[in-house]
Amino acid sequence: AQSVTQLGSHVSVSEGALVLLRCNYSSSVPPYLFWYVQYPNQGLQLLLKYTSAATLVKGINGFEAEFKKSETSFHLTKPSAHMSDAAEYFCAVSRPTGNQFYFGTGTSLTVIP
Amino acid sequence: DTGVSQDPRHKITKRGQNVTFRCDPISEHNRLYWYRQTLGQGPEFLTYFQNEAQLEKSRLLSDRFSAERPKGSFSTLEIQRTEQGDSAMYLCASSPRLGSQETQYFGPGTRLLVL
Numbered sequence: 004a005q006s007v008t009q010l011g012s013h014v015s016v017s018e019g020a021l022v023l024l025r026c027n028y029s030s031s032v033p034p035y036l037f038w039y040v041q042y043p044n045q046g047l048q049l050l051l052k053y054t055s056a057a058t059l060v061k062g063i064n065g066f067e068a069e070f071k072k073s074e075t076s077f078h079l080t081k082p083s084a085h086m087s088d089a090a091e092y093f094c095a096v097s098r099p100t101g102n103q104f105y106f107g108t109g110t111s112l113t114v115i116p
Numbered sequence: 064d065t066g067v068s069q070d071p072r073h074k075i076t077k078r079g080q081n082v083t084f085r086c087d088p089i090s091e092h093n094r095l096y097w098y099r100q101t102l103g104q105g106p107e108f109l110t111y112f113q114n115e116a117q118l119e120k121s122r123l124l125s126d127r128f129s130a131e132r133p134k135g136s137f138s139t140l141e142i143q144r145t146e147q148g149d150s151a152m153y154l155c156a157s158s159p160r161l162g163s164q165e166t167q168y169f170g171p172g173t174r175l176l177v178l
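One line per chain: the protein sequences are A and B, in this order.
Under my numbering, the first residue of the first sequence carries the number 4, and numbering increases by one thereafter.
Under my numbering, the first residue of the second sequence carries the number 64, and numbering increases by one thereafter.
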């Protein structure tokens, strides 16, 4: 079975500080992994995805994530937080032979001026 | 691409009433998904279509829920005899091709409140 765990339902960082949002997955086979962002009253927007190519994936808005099989992790990072990064972030996993996305419970990012 | 659209954006109804939501996917996207998102949770899969065929349904989709995609374009999700526990955001997503590595493009959602 696939599942995703996002550690920390709320993360606060100062503007200009490093953003680190954690995602760990469990999967019986190497999965595909996604990070989505959700702004208030909006749908989800893809930030980046890992599909078994390069383990370091670069996404939009300066975000990147690294797939670490040994740690079953896919943490999202951004070197310098901007006020506009404040949003809800969701990690999701899908199985190569499956059809569903399994989402984590989300991490709410607050950026402090 | 105009993106995935959903209608209505908000719906307030009384318990026991029926409601229907519409989703218009990105043009020529073959796959269409429905998710439910409750406060503080991530989206939960409900069902998906490949063209007009409904290929998979979650056990979350009780008998009161029905989804259709009659011509392989737009889709509707109907909830009969609504209950307060149905209050949630209902999200629709579409993707262009087969394959679980394909990005799903989400609509803005329909927020349902059952009184």
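None of these hints come from the bench; they were simulated from the model.
Positions of the beta carbon are idealized from the N, C-alpha and C atoms, including for glycine.
A portion of the hints provided could be inaccurate.
Partner residues are not named here, just some residues of chain B that face chain A (Cβ under 8 Å, in silico) [said to hold, decoys possible]:
(1) 104
(2) 114
(3) 116
(4) 117
(5) 151
(6) 166
(7) 169
(8) 171
Estimated spans, in silico, between C-beta atoms of each pair [what the hints assert, rightly or not]:
(9) A:67 with B:123: 32 to 40 Å
(10) B:166 with A:43: 16 to 24 Å
(11) B:80 with A:8: 17 to 25 Å
(12) A:69 with B:166: 17 to 25 Å
(13) B:141 with A:45: 18 to 26 Å
(14) A:45 with B:159: 18 to 26 Å
(15) A:45 with B:81: 21 to 29 Å
(16) B:73 with A:23: 43 to 51 Å
Consistency of the hints with the structure:
The interface hint given for residue 104 (chain B) holds, since its Cβ lies 6 Å from the closest Cβ of chain A, which is under the 8 Å cut-off. A least Cβ separation of about 14 Å between residue 114 (chain B) and chain A goes past the 8 Å threshold, and the interface hint is therefore violated. Because the closest C-beta pair between residue 116 (chain B) and chain A is about 12 Å apart, greater than 8 Å, the hint is violated. Annotation: interface hint on residue 117 (chain B) violated; nearest CB of chain A at approximately 12 Å, more than 8 Å.
With its C-beta approaching chain A no nearer than about 14 Å, residue 151 (chain B) sits outside the 8 Å limit, and its interface hint is violated. Hint status for residue 166 (chain B) relative to chain A: holds, with the closest Cβ pair at about 5 Å, below 8 Å. Contact between residue 169 (chain B) and chain A, as hinted, is supported at the beta carbon level, the nearest pair being about 4 Å apart and thus within 8 Å. Look at residue 171 (chain B): its Cβ gets to within about 5 Å of chain A, closer than 8 Å, so that hint holds up.
For residue 67 (chain A) paired with residue 123 (chain B), a C-beta distance near 33 Å keeps the hint of 32 to 40 Å intact. The hinted window of 16 to 24 Å between residue 166 (chain B) and residue 43 (chain A) holds, with their beta carbons roughly 22 Å apart. For the hinted restraint 17 to 25 Å between residue 80 (chain B) and residue 8 (chain A), the CB-CB distance of approximately 37 Å leaves it violated. The beta-carbon spacing between residue 69 (chain A) and residue 166 (chain B), approximately 19 Å, falls within the hinted interval of 17 to 25 Å.
For the hinted restraint 18 to 26 Å between residue 141 (chain B) and residue 45 (chain A), the CB-CB distance of approximately 24 Å keeps it satisfied. Evaluation of the 18 to 26 Å hint for residue 45 (chain A) and residue 159 (chain B) yields a pass: the beta carbon distance comes to about 21 Å. One distance hint, 21 to 29 Å for the beta-carbon pair residue 45 (chain A) and residue 81 (chain B), holds here, with the actual separation near 27 Å. Between residue 73 (chain B) and residue 23 (chain A) the beta carbon distance is about 35 Å. The supplied range of 43 to 51 Å is therefore violated.
The structure shown violates the earlier hints numbered 2, 3, 4, 5, 11, 16.
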